[in-house]
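2 protein chains.
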Amino acid sequence: MNRQIELLAIDADDTLWTNMLFYHEAMDSIKNILEKYTDTALIIKDLYEIETANISVLGYGTKSFIITMVEAAISLTEGKIKAHDILEIVTIGKTLFSRPVELLDNVKETLAELSQNYTLMLLTKGDLFEQQGKINCSGLIGYFEYTEIVSEKDEATYSALLQRYNIAPENFLMAGNSLKSDIFPVLNIGGNAVHIPHRSVWYHEDVPADEAGRDYIVISDISELTGLICQNYPQKKVEI
Amino acid sequence: MNRQIELLAIDADDTLWTNMLFYHEAMDSIKNILEKYTDTALIIKDLYEIETANISVLGYGTKSFIITMVEAAISLTEGKIKAHDILEIVTIGKTLFSRPVELLDNVKETLAELSQNYTLMLLTKGDLFEQQGKINCSGLIGYFEYTEIVSEKDEATYSALLQRYNIAPENFLMAGNSLKSDIFPVLNIGGNAVHIPHRSVWYHEDVPADEAGRDYIVISDISELTGLICQNYPQKKVEI
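Protein chains in written order, with this note's numbering: chain A, 186 to 425; chain B, 186 to 425.
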């Protein structure tokens, strides 16, 4: 590998800052409410089905999560849940918007280093309003020359983005925690990808590691990114 | 006025296609449900308060609308509403995502003409996933060189956008139905604006027409845009 990286894009949720953990905490609080009505050990499968159906209609993000939880609570309790408990579920969901942005270890230092030598893009999937709020509160915006919030990270999205920025796929590198969103579609269009797994994987993003032996690098901490890219790709900040 | 327009941005909801009408229809259906529990003649003020509070937390769009309606229904019925009626409210809200995109009169012809002579941008505020869905279904995407979905249309947003596209405010024209979002902030940063009022104005966008005599043009139909711009601004399509 000796490709020049003209654009280095980095995912945000669970790559730069904590995300899934907050959802898990909200889910636990919601389960406590539902336990008054039903056996919550059974709910995961139903929840997955309602959530999957809703993603195609509503998209990603906390607002979709809240609507899914309301529907699931009514369905799983067979309509027995009281209105004040539904309101409590909405309130729990809305607290996700007021959680502080918690940067993961070594993020700030790594971005400070990388931004010296590469053109960085923050490239995140999800709800526009919500992601912009997190980006604004992260204190990281100064390290990124570009910020792109997209509704889905698939081959079509990456291709359109690279075309818009006039970057050949071989000169693009994506780093992130999701094989499904950050790694495989980028490899599929001929780009470069570095996987930084996070301990929490949302089940919608949980795909099997590719067996086809495709060419991507896995690191355990974002701080490894600097040395790794330096070794594998010539450092050059180019005007795009 | 004899400014050259390098970028002509056009709003989408209720400028290019029907939007508020569908919300009003959904609201009527939801009121029918609430009438079983309470006097809905009283609800508009409470609804406005809940919705206003939610916009700052959740942003704009149908998902925010659904969450607002659930909270409002529980609050207005003092918790008496049954779970199955709450589920019905969510379902009514979700049907807004499956409404076909209904273009307003003369939109397609006007865009076809304007795109010959101006660089067009579709510039819309709201939920990313939802707005992208509408844009994709509108059949209009070919007329626009750029599409921007923003979470708020204020001075800061317009300034950042123009800086990113390297356009001076005096060479920018915005056309849309909302004085609050499409006209006043553009004038405030030194840009040009054309107001195309729509019969439905969302109460959050309903601001008094400016008394200060600021310099913007009002037209009653989008088809007037071609002649108006042609008369007031030199026609030139420039590379940006």
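Please keep in mind that the hints were generated in silico from the structure rather than gathered at the bench.
Quick caveat: nothing in here was measured; it's all calculated off a predicted structure.
There could be a bad hint or two in this list.
For chains that are exact copies, the list does not tell them apart, and a pair is met inside one copy or across any two.
Think about it this way: if two alpha-carbon atoms lie no more than 25 angstroms apart in a straight line, the pair counts; the simulated PhoX-like pairs of lysine-lysine are [what the hints assert, rightly or not]:
#  : residue 1 : residue 2
1  : 267       : 365
2  : 230       : 365
3  : 279       : 221
4  : 365       : 265
5  : 267       : 216
6  : 365       : 216
7  : 265       : 230
8  : 293       : 267
9  : 230       : 216
10 : 216       : 265
11 : 221       : 293
12 : 293       : 216
13 : 365       : 221
14 : 279       : 265
Hint-by-hint comparison with the structure:
1. In the homo-oligomer, the alpha carbons of residue 267 and residue 365 never lie at most 25 angstroms apart, since the shortest distance is 38 angstroms inside one protomer and 40 angstroms across protomers.
2. Taking identical chains as interchangeable, the C-alpha atoms of residue 230 and residue 365 lie at most 25 angstroms apart only when both belong to the same chain, with a minimum of 21 angstroms there against 45 angstroms between chains.
3. Within a single copy, residue 279 and residue 221 get their C-alpha atoms as close as 22 angstroms, which meets the 25 angstroms cut-off; across copies the closest is 28 angstroms, which misses it.
4. For the identical chains of this complex, residue 365 and residue 265 are neighbours neither inside a copy (37 angstroms) nor across copies (44 angstroms), given an alpha-carbon limit of 25 angstroms.
5. Taking CA atoms no more than 25 angstroms apart as the test, residue 267 paired with residue 216 passes in both settings, with 15 angstroms inside one copy and 20 angstroms between copies.
6. In this assembly of identical chains, the alpha carbons of residue 365 and residue 216 never lie at most 25 angstroms apart, being 28 angstroms within a copy and 42 angstroms across copies at closest.
7. For a Cα distance limit of 25 angstroms, the shortest separation of residue 265 from residue 230 inside one copy, 20 angstroms, qualifies, whereas the shortest one across copies, 30 angstroms, does not.
8. For the homomeric pair residue 293 and residue 267, neither the shortest alpha-carbon distance inside one copy (45 angstroms) nor that between copies (49 angstroms) is at most 25 angstroms.
9. Taking the shortest alpha-carbon separations for residue 230 and residue 216, only the intra-copy value of 14 angstroms comes in at or below 25 angstroms, while the best inter-copy value is 34 angstroms.
10. With identical chains, the CA atoms of residue 216 and residue 265 are at most 25 angstroms apart both within one copy (15 angstroms) and between copies (23 angstroms).
11. Proximity of residue 221 to residue 293 under the C-alpha cut-off of 25 angstroms is found in neither arrangement, the shortest distances being 43 angstroms within a copy and 55 angstroms between copies.
12. When the C-alpha separation of residue 293 and residue 216 is checked against a cutoff of 25 angstroms, the pair qualifies neither within a copy, at 35 angstroms, nor between copies, at 50 angstroms.
13. Taking the shortest Cα distances, residue 365 and residue 221 never come within 25 angstroms of each other, neither inside one copy (36 angstroms) nor across copies (47 angstroms).
14. For a Cα distance limit of 25 angstroms, the shortest separation of residue 279 from residue 265 qualifies both inside one copy, at 23 angstroms, and across copies, at 22 angstroms.
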